[in-house]
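Residue numbers for the sequence shown follow our numbering, beginning at 724 and rising by one.
There's no promise every hint is true.
[Said to hold, decoys possible] Beta-carbon label-pair distances, calculated as ranges:
id, residue 1, residue 2, range
1, 916, 827, 49 to 59 Å
2, 767, 846, 46 to 56 Å
3, 857, 936, 16 to 26 Å
[Said to hold, decoys possible] Subject to a maximum C-alpha distance of 27 Å in a straight line, what follows is the list of computed DSS-like cross-link-like pairs (lysine-lysine):
id, residue 1, residue 2
4, 919, 871
5, 817, 959
6, 784, 931
7, 829, 919
8, 784, 759
9, 880, 784
10, 814, 759
11, 801, 844
12, 801, 814
13, 991, 801
14, 916, 903
15, 916, 941
16, 959, 877
17, 764, 871
18, 885, 844
19, 931, 981
20, 931, 941
21, 759, 959
22, 931, 968
23, 768, 817
24, 919, 768
25, 959, 974
26, 764, 814
To be clear, the hints were calculated from the coordinates, so they are not data collected in a lab.
Computed from a prediction, not measured in an experiment: that's the story for all the values here.
The beta carbon of each residue, even a glycine, is placed where N, CA and C say it ideally should be.
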Amino acid sequence: MSSIRRILALVVSISLVFALTACSGKKDGASSDAGKLEQIKQSGKLVLGTSADYPPFEFHKEINGKDEIVGFDIEIAKAIAAELGVELEIKDMKFDGLLAALNTGKVDIVIAGMNPTEDRKKAVDFSDIYYREVQSVVVRAESVDLIKTLDDLKGKKVAVQKGTTMEAMAQQHMPESEIKGLGRVTDVVLELKNSKVEAVVMEKPVAKAYVLANPELKLTEIELSPEDTGFAVAVKKGNEDLVTKTNEILKSLIDQGKIDEFVADANKLMEE
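Whenever a hint applies, use it, and build me the whole structure from the sequences.
Next up, the structure:
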């Protein structure tokens, strides 16, 4: 009888081990099977991949003696993290390594002034467009009725910030104007106010901010738009829940006018 009891006890013990292992496996499986959105919430952080060399979208800035990654895209990432109730962790890397980092799980999302091209769509999924680069033309108030089309700027001096999208677009769309590149947006505006140029080209949200602060300047109806599709948030393929939630947050930011605020604030921060 003693031997039978031992055998029965052993069988019961083995059964318990298998049962506990199965339960443990189910628990782990539930965690791994959770959608990406839930995984981010469980981890308590959203890991952003970006390339902080593209002001005003993402760039390094010394704030209170500490190097910080700031910019328009960073504010969007902060808003997404806040809505999810998690902390934001930023990983700065080369632009051409961002999608690989996304697909290998090193980052949860990529926000880096990225266009959702057809080639990129083959590798990752994208959110809706959150920003389209539209450049506006600003003139002095007394010229607003005289400068209504690009033709009105032929042969005239036009200032832009050097080395930016604005400069490239001005050169493309205004070949018969004299394009003057300057280092800072504040310098560009000063040239216009001092009548050294007839117009300036800058991103629309930034232009609105400067016109609001300088009543002697006016925004024309002239706009320059690039041929690309705009910027979107990149997400690993298959993470539909995260894409859906991201789109909801982006729509809210756009509807509230926060996107334009982020752009204007980032430009100001860039010049401080």
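Verification of the supplied hints:
1. 916 x 827: 49 to 59 Å: holds, 50 Å
2. 767 x 846: 46 to 56 Å: Between residue 767 and residue 846, where Cβ atoms are some 28 Å apart, the hint is violated.
3. 857 x 936: 16 to 26 Å: holds, 20 Å
4. 919 x 871: holds, 19 Å
5. 817 x 959: Holds, at roughly 18 Å.
6. 784 x 931: Within the cut-off at roughly 24 Å; holds.
7. 829 x 919: violated, 50 Å
8. 784 x 759: violated, 31 Å
9. 880 x 784: violated, 32 Å
10. 814 x 759: With Cα atoms ~18 Å apart, residue 814 and residue 759 stay inside 27 Å; holds.
11. 801 x 844: Holds - the C-alpha atoms of residue 844 and residue 801 are around 24 Å apart, at most 27 Å.
12. 801 x 814: Distance of about 13 Å is within 27 Å: holds.
13. 991 x 801: Holds, at about 18 Å.
14. 916 x 903: holds, 15 Å
15. 916 x 941: It holds: about 11 Å lies between the C-alpha atoms, which stays within 27 Å.
16. 959 x 877: Violated: residue 959 and residue 877 sit about 47 Å apart, past 27 Å.
17. 764 x 871: violated, 51 Å
18. 885 x 844: violated, 31 Å
19. 931 x 981: Holds, at about 14 Å.
20. 931 x 941: holds, 9 Å
21. 759 x 959: Answer holds: residue 759 to residue 959 is near 9 Å, not above 27 Å.
22. 931 x 968: violated, 30 Å
23. 768 x 817: holds, 22 Å
24. 919 x 768: violated, 50 Å
25. 959 x 974: holds, 20 Å
26. 764 x 814: The given pair, whose Cα atoms are some 18 Å apart, holds under the 27 Å limit.
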